[in-house]
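Enquirer: Sequence:
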Amino acid sequence: MKEIIFPKALKKGDAIAVISPAGSVEPAQLEKGIEMIRKKGYEPVLGEHLYTKFSNGYSYAGTEEERLKEMNRALNDPGISAIWASRGGYGCQHLINGIDLKGFAKNPKWYIGYSDNTVIQSYLLKKGFASVHGQTVKTSSFGVTEESYDLIFDILNGSLPEYSIQPHEKNKPGSIKGELVGGNLALIYALLGTKYSFDFKDRILFIEDIGENFYALDRMIMSLELAGAFNKISGLVIGGMTNMGDEKENKQYEESFDEFAYRLISERIAKYDFPVVFGFPNGHIRDNRPLIIGGEIHVEIDKTVSISYRK
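In UniProt numbering, the protein residues as written are 1 to 311.
Do not rely on the hints blindly, as some may be mistaken.
[To be verified] Okay, derived cross-link-like pairs now, DSS-like style, lysine-lysine, Cα gap no bigger than 25 Å in a straight line:
| # | residue 1 | residue 2 |
| --- | --- | --- |
| 1 | K303 | K172 |
| 2 | K170 | K127 |
| 3 | K232 | K177 |
| 4 | K106 | K195 |
| 5 | K12 | K177 |
| 6 | K271 | K170 |
| 7 | K39 | K12 |
In short, the hints are calculated from the structure, not lab data.
Generate coordinates for the entire structure from the input sequences, incorporating the hints supplied.
Expert: Written out as structure tokens, the structure reads:
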């Protein structure tokens with residue numbers, strides 16, 4: 001397993017590029033996040049196509065060519081110290097065949113985002129670079145805790161997060177160490193069988209998602225099983241499963257959307273003996289605490305759940 005490169009810590013006054021690699025965004029949706037970057041002592045550099053709109057069956061933040069140009073400019077500009085995605089939304093898959101890391105490799109920088117940004121993070125990890133699976137600059141419709149952002153700035157400042165959370169009844173106890181991979185389940189699923197898919201062997205897999213019907217969730221979990229992922233991973237961490245299932249169908253179940261999704265996953269992985277954490281606070285949820293994709297983590301699952309990082 002090759003050593004994963006962590007970007008250097010930022011200094012006050014460093015520039016953070018804000019770009020839109022996927023779905024379109026309105027200026028008002030980013031005002032709070034951009035002002036927060038300034039208040040933390042950094043200089044937000046807004047991408048040329050940050051607010052561009054292009055419709056082709058979906059509202060993208062520009063054409064593929066425009067979004068790729070923006071991405072490569074931010075990755076390779078030596079004056080940029082970190083890159084923060086404005087939002088997720090479909091579109092990041094369009095870019096990865098054209099990503100250029102020549103300048104980035106000489107000056108690695110943190111890439112921050114979640115949801116569809118999982119594709120970019122998988123690409124970076126393939127090239128040996130860690131990234132932050134955390135809240136985008138755009139505040140979600142369900143809100144975001146202040147801590148969710150503060151913890152991202154802690155990482156940018158050179159600190160590694162440590163978490164202690166309450167256990168979930170479906171957890172499978174154990175102690176595991178390994179490299180964390182994953183992100184949004186739909187994108188992990190979409191990359192299966194491609195050269196950009198995560199390497200699951202001896203890794204700890206993290207998954208989260210939003211708005212998928214239960215049959216689609218089951219399909220994705222089954223695909224991971226058929227791809228052999230569950231025979232390879234050393235542990236599984238499951239984040240938010242938000243607004244899952246069909247609302248009308250879900251009325252027949254006693255559980256919430258998230259809890260029924262957890263039950264479905266739990267039943268599918270019951271035959272495997274790796275440790276499992278349910279309900280980690282990361283994903284399309286208000287308390288979206290960042291995780292470092294490519295980071296070496298130590299997970300203890302017992303009466304409490306603790307996750308710590310080491311470089």
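Enquirer: Could you work out which earlier hints the structure fails to respect and list their numbers in ascending sequence?
Expert: Hints 2 and 5 contradicted; others consistent.
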